[in-house]
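Both chains are sitting in their own frames, so use the hints and assemble them into the complex.
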Amino acid sequence: MTTTSIRTHNDPLVIDGVEFGSRLIMGTGGAPSLDGLGAALIASGTELTTVAMRRYSPAETGSLFQLLLDNGIRVLPNTAGCFTAKDAVLTAELAREALETDWVKLEVIADEHTLLPDAVELVDATEQLVDRGFKVFAYTNDDPVLALRLENLGATAVMPLGSPIGTGLGILNPHNIELIVSRASVPVVLDAGIGTASDAALAMELGCDAVLLATAVTRAQNPVQMGEAFKHAVVAGRLAKQAGRIPRREHALASSAMEGRAEFL
Amino acid sequence: MNIKLNGDHRSIGDGASVTTLVTELTGRALDPSGQATDGRKIGVAVARNSAVVPRSQWAATALAEGDELEIVTAVQGG
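Sequence order for the protein chains is A and B.
Quick note: the first sequence uses full-length UniProt numbering, first residue 1, plus one each step.
Quick note: the second sequence uses full-length UniProt numbering, first residue 1, plus one each step.
Keep in mind that the hints were calculated from the coordinates and are not lab data.
Keep in mind that a hint or two might mislead.
Stated by the list, open to error - Derived lysine to aspartate or glutamate pairs resembling EDC-like cross-links, with alpha carbons at most 16 Å apart:
| no. | chain 1 | residue 1 | chain 2 | residue 2 |
| --- | --- | --- | --- | --- |
| 1 | A | LYS86 | A | GLU121 |
| 2 | A | LYS135 | A | GLU112 |
| 3 | A | LYS241 | A | GLU205 |
| 4 | A | LYS231 | A | ASP11 |
| 5 | B | LYS41 | A | GLU100 |
| 6 | B | LYS41 | A | ASP70 |
Said to hold, decoys possible - If you want a taste of the chain B side facing chain A, the calculated C-beta under 8 Å gives, among others:
| no. | residue |
| --- | --- |
| 7 | LYS41 |
| 8 | VAL44 |
| 9 | SER50 |
| 10 | PRO54 |
| 11 | LEU63 |
| 12 | GLY66 |
| 13 | GLU70 |
| 14 | ALA74 |
| 15 | VAL75 |
| 16 | GLY77 |
| 17 | GLY78 |
Predicted, not measured: the structure shown is a model, and the values here were computed from it.
We put the beta carbon where it would ideally sit given N, CA and C, even for glycine.
So that you can see chain B by itself, here it is in the shape it has in the complex (with noise of 0.2 Å):
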């Protein structure tokens, strides 16, 4: 299917989570929680059309064609 990440048209699997949506661009495994299973904090969040969907949800949220996800990080800022 097709989503919108950050702007820009992207395919991903039919079926596919936020959960997979985030570690396919972050390269990192999640555990259930959503928390990365190295142990160190992922340090994202997401939202999905517009909502945050909150980590816990991440594994539960299935995307949907045409959907439109943001998934930002901590950068440099003042």
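Bound-form chain A, shown alone (with noise of 0.2 Å):
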């Protein structure tokens, strides 16, 4: 076994108590089939995925939840397309009863365009699931201080953005969520407008806990090979963090010896 496998087993992300080997939350949103969605998923090595509610149609073929079920893959439902702190509570209840979880990703969205967190919206419905016995993954912007607030009232891990949803402009202010990260006791889940590989890796030395996405993947010309990448830059994201990089400098710094160098004519 290489040192990298290593170092990587023995560092499991864990969120109320339940270990995950894997530091990458790829969501099921944007893929154009469930076939495909399912080798993205393996290829990624995720070990927990977000789901959406919508309204059951018989027509439906296949069931996602099946084969999430079928690969050992835990479910994380979301409350995508709520507007009010009330229809994600009702939102986060149906998911409860139907995929028998009381993990919620909570997101609370301010308009169509921006898809944005509605901060207040979110801060309510934060505190209504936690009174209800939910683990609430907040999504929320790159606020530390909105981020720290959520965490006090309970929220069990905060995912603030790099960009808006499916922008895939990578994280616009990295310095907020090294912020967030210097602040939180609660996991951080770096969530929503990773475009590429190097953005997660990014997110990951920055000291975020774990990254989501799911539009990078399934909207990817190559779903699969994408998956896989995705799977190397959170472990080389985190390894360099815990390496602990070299200071960034203004002026050159030889690597080589000056001395001993041989002397020309």
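If you want it as structure tokens, here you go:
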């Protein structure tokens, strides 16, 4: 076994007492087919994935829930599409009933154009859901003050966005993400805006405990290969963070000694 | 009687329970605790007039004329 695999093997992500070998949480949104999604999920190595709750349709072929059960991937239902705390709480209750989990990724968005979280409704919903015994994974703006507020209300994990959902713009405010991480005592999961592998590696280098992404894989030209790329990116970023990067310097610093050089005429 | 299911009108036999409706919709038989008798997870939840009906109450919850039911399941989503 190589050093790398030993390190990552002994470094599980722990959320609410549950251990995960992978620090990549892959959402299921955006995949054109259930078969393709399954292959991408497996390639990514994810052990936890998000799903949305929608009206049951008998016409639907295949069950996403069954696919996840069959592959041993734990399910994290979300409240995507909810604009108010009231809708989010009801959706979470339905998810708890349907999927038999008290974990919920809480999304309360302000409008369809930005898909940005509505901070006021988010705080309200977090309070209500924590009261009702939910383990709240709060999808939040990259606001260190709000993130801490959510933790203090009892959120199980805080999930700041890198950039708006589906944009692939990466991490627009790395400083804020670092600030959130430095003040948090619950897991911080970078969620939304990831475009490619280096964005996920950066999230981990900034100190995030995990990365959540969906469309970066499901809408990539080759989702299976991109899933695998993210698997490695998250591991690389985590290792680099733990290894301790060199300080940034203004001027060059030679890595070869100046002494003992040959002299030429 | 007439009810509304997932936004559409639907007619269902008088005296039907939530269990009756879930079985009609999914084609899966349910035991009294609300679990599918085929041993696999059914993965749906029911709200009746905007209140969640716990699985354990499905059999005991009779539907009434004009009830609005939502039956949801997990679908792809970030």
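Against the structure, the hints:
no.: 1; hint: A:LYS86 with A:GLU121; in the structure: holds (9 Å)
no.: 2; hint: A:LYS135 with A:GLU112; in the structure: violated (26 Å)
no.: 3; hint: A:LYS241 with A:GLU205; in the structure: holds (5 Å)
no.: 4; hint: A:LYS231 with A:ASP11; in the structure: holds (15 Å)
no.: 5; hint: B:LYS41 with A:GLU100; in the structure: holds (9 Å)
no.: 6; hint: B:LYS41 with A:ASP70; in the structure: holds (11 Å)
no.: 7; hint: LYS41; in the structure: holds (6 Å)
no.: 8; hint: VAL44; in the structure: holds (5 Å)
no.: 9; hint: SER50; in the structure: holds (7 Å)
no.: 10; hint: PRO54; in the structure: holds (6 Å)
no.: 11; hint: LEU63; in the structure: violated (16 Å)
no.: 12; hint: GLY66; in the structure: violated (19 Å)
no.: 13; hint: GLU70; in the structure: holds (7 Å)
no.: 14; hint: ALA74; in the structure: holds (4 Å)
no.: 15; hint: VAL75; in the structure: holds (5 Å)
no.: 16; hint: GLY77; in the structure: holds (3 Å)
no.: 17; hint: GLY78; in the structure: holds (4 Å)
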